[in-house]
Amino acid sequence: MFKILKYSVYDLMRSRWSYVYLLFYLMLGFVLLFLNNDLSKAVITLMNIIVVLVPLIGTIFGIMYYYNSKEFTDLLLAQPIRRSSIFLGLYLGVAGSLSLSLIIGLGLPFLIYGLFKSGVIWDFSLLLLIGTSLSFIFTALSFNIAISQDNKIKGFGYTVLLWLFMAVIYDGLFLLSLIVFEEYPLDRFSIIATMLNPIDLSRILILLKLDIAALLGYTGAVFQKFFGTQSGLIIALCVLMLWTVFPVWRLLHRAERKDF
Amino acid sequence: MNHITLLFLFLGVLWHGARPPAVLEVCDSCTYKTVTDAIDSAQAYDTILIKAGTYKEFDLKIRKPLTILGQDLPTIDGQNQGEILTIQSDEVTIGGIRIINVGTSYTKDFAAIRVVKSKDFIIRDMVLEHLFFGIYLEKATRGKVLNNIVKGDAEEEFNSGNGIQLWHCTFIEVIHNHIEKVRDGIYLEFSDNINITGNTSKNNVRYGLHFMFSNNDIYQGNSFVNNGAGVAVMFSKKIIMKRNVFKENWGTAAFGLLLKEINDSEILDNHFLENTIGIQVEGANRVSYSNNLFRRNGWAVKVRGACYGNTFSGNSFINNSFDLSYNSNINDNVFKRNYWSEYTGYDLDKNGIGDVPYRPVKLFSYIVNRTPETIVLLRSFFMDLIDFSEKVSPAFTPDNLVDAYPLMKQKL
Numbered sequence: 010m011f012k013i014l015k016y017s018v019y020d021l022m023r024s025r026w027s028y029v030y031l032l033f034y035l036m037l038g039f040v041l042l043f044l045n046n047d048l049s050k051a052v053i054t055l056m057n058i059i060v061v062l063v064p065l066i067g068t069i070f071g072i073m074y075y076y077n078s079k080e081f082t083d084l085l086l087a088q089p090i091r092r093s094s095i096f097l098g099l100y101l102g103v104a105g106s107l108s109l110s111l112i113i114g115l116g117l118p119f120l121i122y123g124l125f126k127s128g129v130i131w132d133f134s135l136l137l138l139i140g141t142s143l144s145f146i147f148t149a150l151s152f153n154i155a156i157s158q159d160n161k162i163k164g165f166g167y168t169v170l171l172w173l174f175m176a177v178i179y180d181g182l183f184l185l186s187l188i189v190f191e192e193y194p195l196d197r198f199s200i201i202a203t204m205l206n207p208i209d210l211s212r213i214l215i216l217l218k219l220d221i222a223a224l225l226g227y228t229g230a231v232f233q234k235f236f237g238t239q240s241g242l243i244i245a246l247c248v249l250m251l252w253t254v255f256p257v258w259r260l261l262h263r264a265e266r267k268d269f
Numbered sequence: 007m008n009h010i011t012l013l014f015l016f017l018g019v020l021w022h023g024a025r026p027p028a029v030l031e032v033c034d035s036c037t038y039k040t041v042t043d044a045i046d047s048a049q050a051y052d053t054i055l056i057k058a059g060t061y062k063e064f065d066l067k068i069r070k071p072l073t074i075l076g077q078d079l080p081t082i083d084g085q086n087q088g089e090i091l092t093i094q095s096d097e098v099t100i101g102g103i104r105i106i107n108v109g110t111s112y113t114k115d116f117a118a119i120r121v122v123k124s125k126d127f128i129i130r131d132m133v134l135e136h137l138f139f140g141i142y143l144e145k146a147t148r149g150k151v152l153n154n155i156v157k158g159d160a161e162e163e164f165n166s167g168n169g170i171q172l173w174h175c176t177f178i179e180v181i182h183n184h185i186e187k188v189r190d191g192i193y194l195e196f197s198d199n200i201n202i203t204g205n206t207s208k209n210n211v212r213y214g215l216h217f218m219f220s221n222n223d224i225y226q227g228n229s230f231v232n233n234g235a236g237v238a239v240m241f242s243k244k245i246i247m248k249r250n251v252f253k254e255n256w257g258t259a260a261f262g263l264l265l266k267e268i269n270d271s272e273i274l275d276n277h278f279l280e281n282t283i284g285i286q287v288e289g290a291n292r293v294s295y296s297n298n299l300f301r302r303n304g305w306a307v308k309v310r311g312a313c314y315g316n317t318f319s320g321n322s323f324i325n326n327s328f329d330l331s332y333n334s335n336i337n338d339n340v341f342k343r344n345y346w347s348e349y350t351g352y353d354l355d356k357n358g359i360g361d362v363p364y365r366p367v368k369l370f371s372y373i374v375n376r377t378p379e380t381i382v383l384l385r386s387f388f389m390d391l392i393d394f395s396e397k398v399s400p401a402f403t404p405d406n407l408v409d410a411y412p413l414m415k416q417k418l
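From first to last, the protein sequence lines are chains A and B.
Count along the first sequence from 1, then add 9; that gives the number in this note's numbering.
Count along the second sequence from 1, then add 6; that gives the number in this note's numbering.
Treat the hints as calculated values from the structure; they're not laboratory data.
Quick caveat: nothing in here was measured; it's all calculated off a predicted structure.
Incorrect hints may have been included.
As the list claims (entries may be wrong) - Derived pair list, reagent style DSBU-like, types lysine-lysine, alpha-carbon separation capped at 35 Å: (1) B:Lys187 x A:Lys50; (2) B:Lys123 x A:Lys50; (3) A:Lys50 x B:Lys417; (4) A:Lys50 x B:Lys415; (5) B:Lys356 x A:Lys50; (6) B:Lys157 x B:Lys123; (7) A:Lys50 x B:Lys342; (8) B:Lys57 x B:Lys70; (9) A:Lys50 x B:Lys208; (10) A:Lys126 x B:Lys57.
Claimed, not checked - Far from chain A, some chain B residues (derived; all Cβ distances over 10 Å): (11) Tyr51; (12) Thr380; (13) Pro400; (14) Asn406.
To be verified - Label-pair distances were calculated between CB atoms; the ranges are: (15) A:Gly181 x B:Asn222: 35 to 41 Å; (16) A:Ile244 x B:Ala401: 49 to 55 Å; (17) B:Ile128 x A:Val40: 56 to 62 Å.
Here a beta-carbon is modelled for each residue, glycine too, at the ideal position from N, C-alpha and C.
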């Protein structure tokens, strides 16, 4: 498995796409901090970007890589290697290199602008942690789509739809249901609805860490009571973990049974 | 009653003329060992000089015009027994004394210094600590409260008192005081023509400054930092609020300035920085808001209830999560020549005024007003999208709620 992981990481490095993402994040970080020297403000702006872009990049890049390396995978499948280690290796290679670009790309500018001297280091680490888990989650989801769908066009369509659903449509439905059922107590519903979407969960987790949480008012207090505690944060991180583990398990499960 | 007072005053003046005012010193080795002794023996217009040391006394009543000064900040320790200094005479000056340990009571408002029905008093350079109420002015007039430091240790609203309280007072000046950790920093009830200038009121449990039923007052150049809520102006008329700083009043129910049932007032040149709500307006009429700066607040201005005839002009709204929130579709208030950092219009004729009107109410803020729970979608991509589409073609937000002449540059 580690050998395959190594190969896929090397392959990604050769393909230059990782560098493109690294450069993109580097530029983003520097430009943000150049325009606005305030680290904590930059963290808020970054959150907006990470919550939307990281899933998009994760899904698109994941599916592209899977389809591109199809021949390599077929070749590997002919070898006496466990299928689970092949796919796990590929998956970890993509997700790992994406997360690495994210961490280096955003970490470097912030380090240069004095991250350690500012009070936002924990918020920033949480941001990176969430960015990383979003990369892992959405790469896993896109691999799932890719393994079930041999038609590339359809596969791409589904991934874009998946992203659109998670990032936009879900919130729309959420909003609608909040407005339709406004007569009812909605605290529990909103917490559960937030948990079910990794993008919303990430957004709320970061928001609650920032000052801006006070804007959330009563609803925010309910969320704060849940996520603000040690156990709440652990539950939230567990949910993010589940969002990674379950698609990976399904991917491996499918891979074992699929007739290539 | 009035005649008798006059007579006393007259006699006082006679005495004053007849005999040079004496200085009575209080210390361990002086003639007077306690402040009580000195006050009892003093005659009108005498000066009592309290030297450094700690005096365990309470319930000191001043019934004649005296000047009581501390040398090197002596301490009067009330040992939590009750009220400490009560001024019941006109023309009393006290200054330079530290008063600590005022008793807490749930039936009586014990104060470190209470002024009852007096005129022309001066309270200055006092340090009040471990207190229930700090300075309590009751039906007083023409007094000055200057350069005092009031430091409480309030935790809850129900068992704490106010820093400086004015009840039924007129023509009082409250200047350059520093008030910290009490319930309300400064509290005015039925008090008219009060001037509150240059005070700092911070870390208070409830309000930095609180008006109830008080008219024709002015407060300027004060700063209100990190209070439960900055300033509450309620049921009052003709209040002028100038050059104050409302800062970091941050929390789920906090605001910089609350206006409730306020008429004919002026709010100008104030800075509202990093408050959850900059100004919350409930039932305010004919109030003019001009040249204020709103920066990094959650809501810069939140208008609820009936507000008519208000004018917002020359204000700068910079990086607030919401510039304006409105809970009705009817608008009778005027917005003109404000600077909005989110304004994206252009200025072709270069006259400094944007050619496209700005709509300060976002769709999201409108939705949040309807269903407060929807705030969980704050900063989500979906909300940004629908805000954008609403901006391009407004469908929900009030039509006439626009700034038709938005400034291109921040007014300095």
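Verification of the hints:
1. B:Lys187 x A:Lys50: Holds, at roughly 29 Å.
2. B:Lys123 x A:Lys50: Violated - the C-alpha atoms of Lys50 (chain A) and Lys123 (chain B) are around 53 Å apart, more than 35 Å.
3. A:Lys50 x B:Lys417: Judged against 35 Å, a Cα distance of about 23 Å means the pair holds.
4. A:Lys50 x B:Lys415: Cα-Cα ~22 Å, so holds.
5. B:Lys356 x A:Lys50: Roughly 31 Å between the alpha carbons, so the hint for Lys356 (chain B) and Lys50 (chain A) holds.
6. B:Lys157 x B:Lys123: 25 Å, holds
7. A:Lys50 x B:Lys342: 29 Å, holds
8. B:Lys57 x B:Lys70: 21 Å, holds
9. A:Lys50 x B:Lys208: The hint holds at about 25 Å.
10. A:Lys126 x B:Lys57: It is violated: about 48 Å lies between the C-alpha atoms, which goes past 35 Å.
11. Tyr51: Its Cβ never comes within 10 Å of chain A, the nearest being 54 Å, so this holds.
12. Thr380: Answer for Thr380 (chain B): violated, closest chain A Cβ roughly 5 Å.
13. Pro400: Fine: 19 Å to the nearest Cβ keeps Pro400 (chain B) off the interface.
14. Asn406: 25 Å, holds
15. A:Gly181 x B:Asn222: 35 to 41 Å: 52 Å, violated
16. A:Ile244 x B:Ala401: 49 to 55 Å: Violated, since Ile244 (chain A) and Ala401 (chain B) (Cβ atoms, about 39 Å apart) do not stay within the stated range.
17. B:Ile128 x A:Val40: 56 to 62 Å: Cβ of Ile128 (chain B) to Cβ of Val40 (chain A): about 58 Å, so the range 56 to 62 Å holds.
The structure fails hints 2, 10, 12, 15, 16 (numbered hints given earlier, in ascending order).
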